[in-house]
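> Sequence:
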Amino acid sequence: MAQRPNFTVTGTVKDMEGVVITMYDDATRQTMDSIVVSDNKFQLQGRADSAMMVGLYSSDYSLFVEMMVLPGSTMTVDMVAGEVTGNKPSEQLNQLAQGNRALMKKRTEIAYQMMAAGEDPAFDSLKVLYHSCNDRRKQLMDSLGWDYYKENIDNPVAGHILFEIASVMTEDVFLDKGEEPTPAILRLFSLYESAPPAVKEYPSLKRTMTKLQAKAAIAPGNRFRDFEAIDYITGKPTTLGEKIAGHLAVVDFWASWCGPCRKEILETLKPLHEKYADSGLIVIGVDIWDKIEDYDQAVKELGIQYPQIVDTIHDNAGLLYGLAGVPYVLLIDQNGLIIGNFRGEKLVEAVEKALGIRPKTLTR
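Using my numbering, the first residue of the sequence shown is number 865, and each one after it goes up by one.
Heads up, none of these hints are tricks.
With a straight-line cut-off of 20 Å between C-alpha atoms, the simulated SDA-like cross-links for lysine to any residue are:
1. 1134 with 1124
2. 1064 with 915
3. 1064 with 1027
4. 1139 with 1170
5. 905 with 883
6. 1210 with 1085
7. 1127 with 1158
8. 878 with 898
9. 1107 with 1198
10. 1107 with 1089
Just so you know, the hints here were simulated from the structure itself, not pulled from any lab data.
Could you put together the complete structure from these sequences and hints?
Here's what the structure looks like:
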C-alpha cells in the first residue's frame, strides 16, 4: 500500500507510435515508470510523498519535459509543445522553461546563419540578433523568474527556478577573468545563501552555484585554491600547494581525450618548461575527468617531463575551480596569487612578464 502510485501524468505526442516515454525522479535520476506510446497518447504513474520534480523523455531523445508533481495530482503534458498543466508551480516553471528554450532555439538558428555568413556584411546584423536573444532571456528571468522563485520557496520547484535563473544570468559573464558580478548575479548569490536547505541542496542548482562561487573565488588577485590529488610519479597523495610553493606556476587542467589540451601541451607548455624551468617557473599538469590508463598513455605519447598530479576520482579541482571544460590554464605567482587564465602566446607573454624576461619567440 505504501508504494501504491498517488499521482498520474497523462500526455500526448505526435507521430510517435511505438516510442517509449520514460518518467524519472529528478533528484535521484531513478526511473519511476515507462510506457509505449499508443494512438499518440500515454499515461504514467508514480508515488510522491511530498512535492517532487520529475522528468519525461522519449526513447528517441527528441522530446524532454520537466514538471513538479504533488501527491494526489493529475498532470497533463503536451510533449511536443512542452506544455504542462495540473498545478500552478509546474505551469510557472513551464512558462520560464518554454520561453527560455524558444529563445535558445532561435539563438542556435542565428549562430548557424552567422557561420554561413562568414565575412559577409550580414554577419554584423546577425550578431546583434544573437545577443538580442541573450538579452531577452535575461529579461524573461527578470520579469518572471524572481517572483516565481519567491512564490514557490516552500516547494522543490524553487530550486529548479533558481537554477534556470542562474543558467541564464551567468552567461557571458567571466568572473574568473576579473569581471564584476552583475546586479542579477549578486542577487542570485544573496538568494542562494538565504535559501532553505531543500533549495540549496537541489542537485543541479547546487552544482551550478558551487562552480559560480568558485569562478568568483579564482579571479585575478585572489589566492589559488589548494586541493589534494595523487602524484603521477610516486602514486602518493600530494597537494597543488606542495608542488608550486615558492614558484611562478603554470597550472594546466587537462585530459587525455582533449585535442586542444594536447595541442596546448606540445605548442606552449613543453616549450615554456624547457626554456624557463631554470628561471623559477614550474609547469604542472592536473589530470581531470579521465581514465588513468588513457592518461598514462597520453603522458608518454606527448613526452611530458614536467610534474603531473591526478584528480580523476574526486574531482576536487573541477569543483574548486568551477571548471566547465579543458584545457584551463592558470598562471599563479610566487606568493600563490592568481595572475590570470591564459592560453598560447598570451600565456607566454604573461610568463615572461612575470619573470621579468624580455619577450622571446619559443622554439617549437
